[in-house]
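Order-wise, the sequence lines are chains A and B. Here the first sequence is numbered in our numbering, starting from 1 and rising by one per residue. Here the second sequence is numbered in our numbering, starting from 112 and rising by one per residue.
Misleading hints may appear alongside valid ones.
Below, computed lysine-lysine pairings styled on DSS-like, alpha-carbon distance capped at 27 Å [claimed, not checked]:
id : chain 1 : residue 1 : chain 2 : residue 2
1  : B       : Lys178    : A       : Lys68
2  : A       : Lys108    : B       : Lys163
3  : B       : Lys178    : B       : Lys155
4  : B       : Lys147    : A       : Lys108
5  : A       : Lys68     : B       : Lys152
6  : A       : Lys68     : B       : Lys155
7  : A       : Lys68     : B       : Lys133
8  : B       : Lys120    : B       : Lys147
9  : B       : Lys120    : B       : Lys152
10 : A       : Lys108    : A       : Lys42
11 : B       : Lys182    : B       : Lys133
12 : B       : Lys178    : A       : Lys108
13 : B       : Lys163    : B       : Lys130
14 : A       : Lys108    : B       : Lys155
15 : A       : Lys108    : B       : Lys130
16 : B       : Lys152    : A       : Lys42
17 : B       : Lys147    : B       : Lys182
18 : B       : Lys151    : B       : Lys182
19 : B       : Lys130    : B       : Lys120
20 : B       : Lys130    : B       : Lys147
21 : B       : Lys155    : B       : Lys182
22 : A       : Lys108    : B       : Lys133
23 : A       : Lys42     : B       : Lys130
24 : B       : Lys182    : A       : Lys108
25 : A       : Lys42     : B       : Lys178
26 : B       : Lys147    : B       : Lys178
27 : B       : Lys151    : A       : Lys1
28 : A       : Lys1      : B       : Lys130
29 : B       : Lys155    : A       : Lys1
30 : B       : Lys120    : B       : Lys178
31 : B       : Lys178    : B       : Lys163
32 : B       : Lys151    : B       : Lys163
33 : A       : Lys108    : B       : Lys151
34 : B       : Lys133    : A       : Lys1
Just so you have them, the derived chain A footprint on chain B, three or more residues with Cβ under 8 Å [to be verified]:
id : region
35 : 168-182
36 : 188-194
Keep in mind the hints are simulated off the structure, nothing from the lab. Model, not experiment: these values are computed from the prediction. Think of the CB as a built atom: it goes at the ideal place given N, C-alpha and C, for glycine as much as any other residue.
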Amino acid sequence: KQEVTQIPAALSVPEGENLVLNCSFTDSAIYNLQWFRQDPGKGLTSLLLIQSSQREQTSGRLNASLDKSSGRSTLYIAASQPGDSATYLCAVSSGTYKYIFGTGTRLKVLA
Amino acid sequence: DTAVSQTPKYLVTQMGNDKSIKCEQNLGHDTMYWYKQDSKKFLKIMFSYNNKELIINETVPNRFSPKSPDKAHLNLHINSLELGDSAVYFCASSQGGQGGVYGYTFGSGTRLTVV
């Protein structure tokens, strides 16, 4: 049974810092992994999708990597800004027809 | 032009009532989902539909009955609402069961409060 864990559960950093969010999964047989952002009281916004054949994806200040064999993904945020404050969720597709979500990392970037 | 839209956004109702939440997607996807986000913000799959066919029913009480009249719509009807049903319910869609090229797209959620 696939389980997804995110570390740390919460993170507070000063503006401008580069930071790394971690996601680990127990079953390496995944189809893809997707990172989302959730603002308080809002829906999920897709940030990056990594297919199982890919090692990384980049969008602006965000870079996500995938290491299937070790069951890990990282989301790197460069030059963090207060507007990056949100909960970041990773989700994996390891069977069909459902994503398994991680527990989330609550990020606060201080001005 | 919202890709995945849910109505209503907020729903406050009394225990024992029956209520419905509607979801529509205009992305042309063939797979739709209902997820529940509990008070600890954990997201868990409830149902998956592919081309109007139920694929996954993840041990959800049978008070919850999804219906997909066509590929673009997935509704959720809840009978005899209980306090524990209070949560945020998210609809999502994708092309194919593994997420396809673009992954999952989520709606903005329906916050259900049972009093």
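Outcome of the hint check:
1. For the suggested pair B:Lys178 and A:Lys68, the alpha carbons sit about 36 Å apart, so the restraint of at most 27 Å is broken.
2. In summary, the hint linking A:Lys108 to B:Lys163 is not supported, as the alpha carbons are separated by about 41 Å, beyond the 27 Å threshold.
3. The straight-line distance between the Cα atoms of B:Lys178 and B:Lys155 is roughly 19 Å, inside the 27 Å bound, and the hint therefore holds.
4. Simply put, B:Lys147 and A:Lys108 have alpha-carbon atoms about 25 Å apart, close enough for the 27 Å limit, and the pair holds.
5. With a C-alpha separation of about 26 Å, the suggested pairing of A:Lys68 with B:Lys152 holds against the 27 Å cut-off.
6. Restraint check: the Cα-Cα separation between A:Lys68 and B:Lys155 comes to about 23 Å, which is no more than 27 Å; the hinted pair holds.
7. Between A:Lys68 and B:Lys133 the alpha-carbon distance is near 36 Å, which puts this suggested pair outside the 27 Å criterion.
8. Under the criterion of a C-alpha separation no larger than 27 Å, the hint pairing B:Lys120 with B:Lys147 is consistent with the structure, at around 14 Å.
9. This hinted pair checks out: B:Lys120 and B:Lys152 have alpha carbons roughly 17 Å apart, not beyond 27 Å.
10. At most 27 Å may separate the alpha-carbon atoms for a hinted pair to count; A:Lys108 and A:Lys42 meet this at roughly 16 Å.
11. Between B:Lys182 and B:Lys133, the direct Cα distance comes to roughly 13 Å. Compliance with the 27 Å bound is thereby established for this hinted pair.
12. The straight-line distance between the Cα atoms of B:Lys178 and A:Lys108 is roughly 39 Å, outside the 27 Å bound, and the hint therefore fails.
13. For a cut-off of 27 Å, the pair hint linking B:Lys163 to B:Lys130 stands: about 21 Å separates their Cα positions.
14. For the suggested pair A:Lys108 and B:Lys155, the alpha carbons sit about 24 Å apart, so the restraint of at most 27 Å is met.
15. Note on A:Lys108 and B:Lys130: the hinted pairing is violated, with a Cα-Cα distance of about 36 Å set against a maximum of 27 Å.
16. A distance of roughly 12 Å separates the Cα atoms of B:Lys152 and A:Lys42; the hinted pair therefore holds under the 27 Å criterion.
17. Of the pairs offered as hints, the one joining B:Lys147 and B:Lys182 holds, with about 21 Å between alpha carbons and a cut-off of 27 Å not exceeded.
18. Between B:Lys151 and B:Lys182, the direct Cα distance comes to roughly 31 Å. Violation of the 27 Å bound is thereby established for this hinted pair.
19. With a C-alpha separation of about 13 Å, the suggested pair B:Lys130 and B:Lys120 falls inside the 27 Å cut-off, and the hint holds.
20. Straight-line distance between C-alpha atoms of B:Lys130 and B:Lys147 comes to about 16 Å, which keeps the hinted pair within the 27 Å bound.
21. Pair hint B:Lys155 plus B:Lys182 holds up; C-alpha atoms about 22 Å apart against a cutoff of 27 Å.
22. Of the pairs offered as hints, the one joining A:Lys108 and B:Lys133 is violated, with about 33 Å between alpha carbons and a cut-off of 27 Å exceeded.
23. At roughly 22 Å between alpha-carbon atoms, A:Lys42 and B:Lys130 fall within 27 Å of each other, so this suggested pair holds.
24. Distance restraint check for B:Lys182 and A:Lys108: the Cα-Cα separation of roughly 39 Å exceeds the 27 Å cut-off, and the hinted pair is therefore not satisfied.
25. Taking the CA atoms of A:Lys42 and B:Lys178, the gap is near 25 Å; set against the 27 Å cutoff, the hint holds.
26. Proposed proximity of B:Lys147 and B:Lys178 is supported: the alpha carbons are some 16 Å apart, at most 27 Å.
27. Restraint check for B:Lys151 and A:Lys1: the C-alpha separation of about 21 Å stays at or below 27 Å, so the hint holds.
28. Among the hinted pairs, A:Lys1 with B:Lys130 is inconsistent with the structure: their alpha-carbon atoms are about 33 Å apart, more than 27 Å.
29. This hinted pair checks out: B:Lys155 and A:Lys1 have alpha carbons roughly 14 Å apart, not beyond 27 Å.
30. For the hint pairing B:Lys120 with B:Lys178, the CA-to-CA distance comes to about 19 Å; that is within 27 Å, so the pair holds.
31. With a C-alpha separation of about 8 Å, the suggested pairing of B:Lys178 with B:Lys163 holds against the 27 Å cut-off.
32. For a cut-off of 27 Å, the pair hint linking B:Lys151 to B:Lys163 is broken: about 31 Å separates their Cα positions.
33. Pair hint A:Lys108 plus B:Lys151 holds up; C-alpha atoms about 18 Å apart against a cutoff of 27 Å.
34. Under the criterion of a C-alpha separation no larger than 27 Å, the hint pairing B:Lys133 with A:Lys1 is inconsistent with the structure, at around 31 Å.
35. Under a criterion of three residues with beta carbons nearer than 8 Å to beta carbons of chain A, the stated coverage of the region 168-182 of chain B fails, only 1 such residues being counted.
36. As drawn, the region 188-194 of chain B meets chain A at 0 residues by the rule of a beta-carbon pair under 8 Å; below three, the given contact is violated.
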